[in-house]
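Novice: All chains, full assembly: derive it from the sequences and hints.
There are 2 protein chains.
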Amino acid sequence: MAVGTLATVKSLDPVDLRELGAQMILSNAYHLHLRPGDELIRDFGGLHSFMGWNGPILTDSGGFQVFSLEGLRTVSEDGVEFRSHIDGSKHVFTPESVMRIERNLGADVIMQFDHVIPGQSEESVARDASERSLRWLARCMAEIERLQASGGPPPTTTIADRPSLPGTTFPLPAPSHPQALFPIVQGGIHPSLRAEAARAIRDLGDWPGFGIGGLSVGETKPDMYRILEVVDGELPRDRPRYLMGVGFPEDLVEGVRRGVDLFDCVAPTRMGRNGAAFTRDGRLNIKRTEFRTDPRPLDSECDCATCRRFTRAYIRHLVAADEILGLRLLSLHNVHFLVQLMRDARVAIRAGTLDAWSRDWLTRYHTRPTSNV
Amino acid sequence: MAVGTLATVKSLDPVDLRELGAQMILSNAYHLHLRPGDELIRDFGGLHSFMGWNGPILTDSGGFQVFSLEGLRTVSEDGVEFRSHIDGSKHVFTPESVMRIERNLGADVIMQFDHVIPGQSEESVARDASERSLRWLARCMAEIERLQASGGPPPTTTIADRPSLPGTTFPLPAPSHPQALFPIVQGGIHPSLRAEAARAIRDLGDWPGFGIGGLSVGETKPDMYRILEVVDGELPRDRPRYLMGVGFPEDLVEGVRRGVDLFDCVAPTRMGRNGAAFTRDGRLNIKRTEFRTDPRPLDSECDCATCRRFTRAYIRHLVAADEILGLRLLSLHNVHFLVQLMRDARVAIRAGTLDAWSRDWLTRYHTRPTSNV
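Order-wise, the sequence lines are chains A and B.
Counted from 1, the first sequence has number 159 at position 136 by the working numbering; the numbering is strictly sequential.
Counted from 1, the second sequence has number 380 at position 357 by the working numbering; the numbering is strictly sequential.
No lab work stands behind these hints, which were simulated from the structure alone.
Misleading hints may appear alongside valid ones.
Claimed, not checked - Derived contacts from chain A toward chain B, CB cut-off under 7 Å, selection only: (1) K33; (2) P59; (3) G75; (4) N77; (5) R332; (6) L341; (7) A344; (8) E346; (9) I347.
Quick reminder that beta carbons are idealized off the backbone N, C-alpha and C, glycines included.
Specialist: Written as C-alpha cells, this is what we have:
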C-alpha cells in the first residue's frame with residue numbers, strides 16, 4: 024500500500040496511483056484527526072470522497088504516532104493523553120475514540136488502537152504492552168460493533184452525489200459496507216510473547232485479517248524474519264497478514280516468503296524524494312555523478328511512466344535542481360516497482376515457484392552488477 | 024507559454040501539459056547552460072528529447088538573468104562576464120556564444136541576447152541599451168546564419184532513436200528545422216525610443232516574430248499599456264508579438280487587446296505553489312479559512328483535471344499540510360486557466376467581438392462577487 028498519511032500519497036494523484044496499478048492505500052487517523060479533522064472529512068463523505076480515491080483504504084489508528092510523542096504524552100489503561108505536534112493542543116486517544124475517528128474517515132480496513140513500545144524493549148515491558156493491547160482490542164471491537172449497530176456502515180457520499188461538472192470522469196462511487204477491524208500482533212522480538220499474543224487475539228474473535236506490529240523498528244533482519252516465521256505459524260492460513268511499516272523491496276520478498284500479504288512503507292516516496300530509485304539490480308542514488316550522462320531508464324525492465332519516457336540523466340538533472348518533477352518521477356517509479364514486485368510474487372505463488380523465484384530475485388537485487396546496467 | 028526554466032515546468036509532466044492544452048513552453052538558456060549544461064542537452068538530442076516535450080519550445084537568451092546578477096557581472100560591448108549564482112564560476116555571454124547555447128538546446132524559437140536595463144531607467148540609459156541591443160541583434164543574426172550554413176538545423180534525436188522499451192507511448196519525433204530568431208524591442212517607458220527601436224529592428228531584417236522586453240518590471244499598468252500601443256503600431260500586423268515575462272490573467276487580456284500574441288509568466292506555477300488560484304471572478308488564496316469546508320471546485324466553470332475532481336476544502340488541506348499534490352493541483356489549474364483564457368480570446372477575435380469580450384471579462388474578474396461563488 025502506498026502511504027497517503029495526510030489524505031494524499033506525496034506528489035502523486037489518485038489517477039497516477041491507478042495507472043501504476045496500485046490497489047490499496049494507507050492513511051493515518053492520528054494525522055487526519057489533527058488536520059484537517061476527521062469530522063470535516065466525515066462531512067465531506069469520508070476519506071474516499073475527500074481525496075478522490077475509490078479503491079480500498081486502510082487507516083492506521085495512530086498508535087505508533089502517539090506513542091512516539093516522547094515527553095508529550097501520558098499513557099494509562101484508559102488511553103493516551105497527548106499534545107499535538109502541530110500546535111500543542113491537548114488530545115486524548117482511547118480505543119473508543121479512535122474507533123470513532125476511523126469510522127468518520129470511513130476506511131475499508133481499520134487498525135485497532137494498540138500500546139506501542141520501543142523496538143528493543145525487554146520481555147516484561149513487551150508483555151505488559153501486549154496484554155494491554157489485547158484489552159484495548161476488545162474495547163475497539165465493542166465500540167465498532169456499537170457504532171455499526173446504531174448507525175450502519177459509515178456514511179459515505181458517492182462521487183455521483185458530489186457537486187460536479189458534466190464530464191466528471193472519476194469512475195466508481197465509494198463502496199458503503201461495514202469496516203474490517205484488524206488486530207495487531209505485538210510482542211517485540213520475543214517469540215513466546217508473539218505466539219501468546221497471536222493465540223489470545225484469535226480467541227477473541229474471527230478476525231478478517233491481522234496486523235503484525237513492532238517490527239522494522241531497529242531489530243536485526245534475522246530477528247525480524249524469525250519472528251515472522253513464528254507469527255506465520257500461529258495465524259490462520261486463509262486470512263491476510265499485514266506487516267506494518269515494512270518496507271524495502273527485499274523486505275517485501277522476505278515477508279512474502281513468510282506468509283505476509285500486505286505491506287506499507289514510506290520508503291518508495293520518501294526515499295524517492297532523496298534521489299533513491301529501486302531497480303532489479305539493487306537501489307541506486309540518482310544524484311551520483313556516474314548518472315550525469317546516462318541515457319538509460321532507471322530500470323531497463325520497468326514499464327512505468329517514468330522509465331518509458333525519461334533518462335537517468337534527465338531525472339538526475341531534476342533532482343540536482345531540486346525540481347518537484349524529479350521527486351514525482353522517482354516516486355511514481357518506486358511505487359510502481361513495489362506494486363509490480365508483488366504482482367510477480369503472486370504469479371510465482373500461483374505457479375508454486377515462490378521459493379526459487381524469491382531466491383533468484385534476492386540474489387540479483389543484492390549483487391552489485393559488474394557493469395553499470 | 025508555461026515556464027519550464029530548468030527543462031521542466033515546475034511539478035508538471037509533459038503529459039500534464041498536453042492534457043491541459045498547452046501548446047508551447049519556455050525554457051532558459053542561462054539556467055540550462057549552467058545546469059545541466061547545453062552541451063549535455065545537445066548530446067541528448069536537444070531539449071525536446073531531453074525533457075520529453077515534442078511541442079514548440081522557445082528559449083529565452085538569459086539576458087534578463089545575467090543582467091540581474093548585481094555585483095556579479097561586468098558589461099562591455101563584447102558581452103557580459105559574470106559569476107554563476109550556483110557555484111560562483113566565471114562565464115562569458117556574448118551574442119555569439121548565446122546563439123551557440125541556444126542552438127545546442129535546439130528550441131524552435133530563440134530570443135536574441137540583449138542588453139537589459141532596470142525598469143525605471145532614464146531615457147539616455149535606455150537609449151544606449153537599446154542601441155547596443157540592436158548591434159547585438161545583428162551579431163546574433165550573423166552567428167545563427169553562420170551556424171545554419173555550416174551545420175544545418177540543430178541536431179535533434181527523434182524519440183524513436185532513443186533507447187526505449189516496447190510500448191513507448193510518447194507521440195511524435197522532435198521536428199528538425201531551422202530555428203526562428205526573435206529580436207527584442209526595448210526602450211523602457213519612453214514611447215519615442217520604443218518606436219525608434221521597432222523601426223531599426225525592422226530595418227535589419229524580416230523577422231519571424233518580435234519580443235517586447237522591459238515591461239512588467241515595476242512600471243505602472245497605464246505606462247505598460249501605453250507602450251504596448253506604441254509598439255503595436257510599429258510592428259508588422261502579420262507577425263507574432265511576444266510580451267516577455269507577462270503575466271497575470273488581466274495582463275494577458277489587456278495585452279491581447281493591444282496586439283500581443285504570446286506571453287510567458289511564472290505566476291501560474293509560482294503563485295500556485297503559494298496557494299493562489301485564478302478564477303473567472305478574480306484571484307483567490309486557498310489558504311484562507313473561508314475555504315476550509317468549501318465543497319466547490321476552485322472555479323465553477325473550469326473543466327481542468329483539478330476542478331473536475333477536487334474540492335476547495337481538499338486543496339486547502341493539502342496546501343496547509345505543505346503537500347506537493349496541493350501545489351501540483353493548483354499549478355495544473357492555473358496553467359489551464361490561462362491556456363483556456365487565450366483560447367477564448369482567439370474565438371472572440373475570429374468572431375470580431377474582442378473588445379466586448381475583453382471588457383466583460385475584465386469587469387467580472389475585477390469585481391468582488393457579492394456571494395462567495
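Novice: Hint by hint, say whether it matches the structure.
Specialist: Evaluated hints:
1. Restraint check, K33 (chain A) versus chain B: the minimum CB separation of about 6 Å is within 7 Å; hint holds.
2. Taking 7 Å as the C-beta cut-off, the interface hint given for P59 (chain A) holds, the closest approach to chain B being about 4 Å.
3. Evaluation of the G75 (chain A) hint against chain B yields a held restraint, the C-beta minimum of about 5 Å falling below 7 Å.
4. The beta carbon of N77 (chain A) is not positioned within 7 Å of any beta carbon in chain B (closest approach about 11 Å), and the interface hint is therefore violated.
5. For R332 (chain A), the shortest C-beta to C-beta distance to chain B is roughly 5 Å, which falls under 7 Å, so the interface hint holds.
6. The interface hint given for L341 (chain A) is met, as the beta carbon of that residue sits about 6 Å from the closest beta carbon of chain B, less than 7 Å.
7. The criterion of a C-beta within 7 Å of any C-beta in chain B is met by A344 (chain A), whose closest approach is roughly 5 Å, and the hint holds.
8. Because the closest C-beta pair between E346 (chain A) and chain B is about 5 Å apart, less than 7 Å, the hint holds.
9. The restraint placing I347 (chain A) at the interface with chain B holds, with a minimum CB-CB distance near 4 Å, inside the 7 Å limit.
Figure legend: structure checked against the earlier numbered hints; the only hint not met is number 4.
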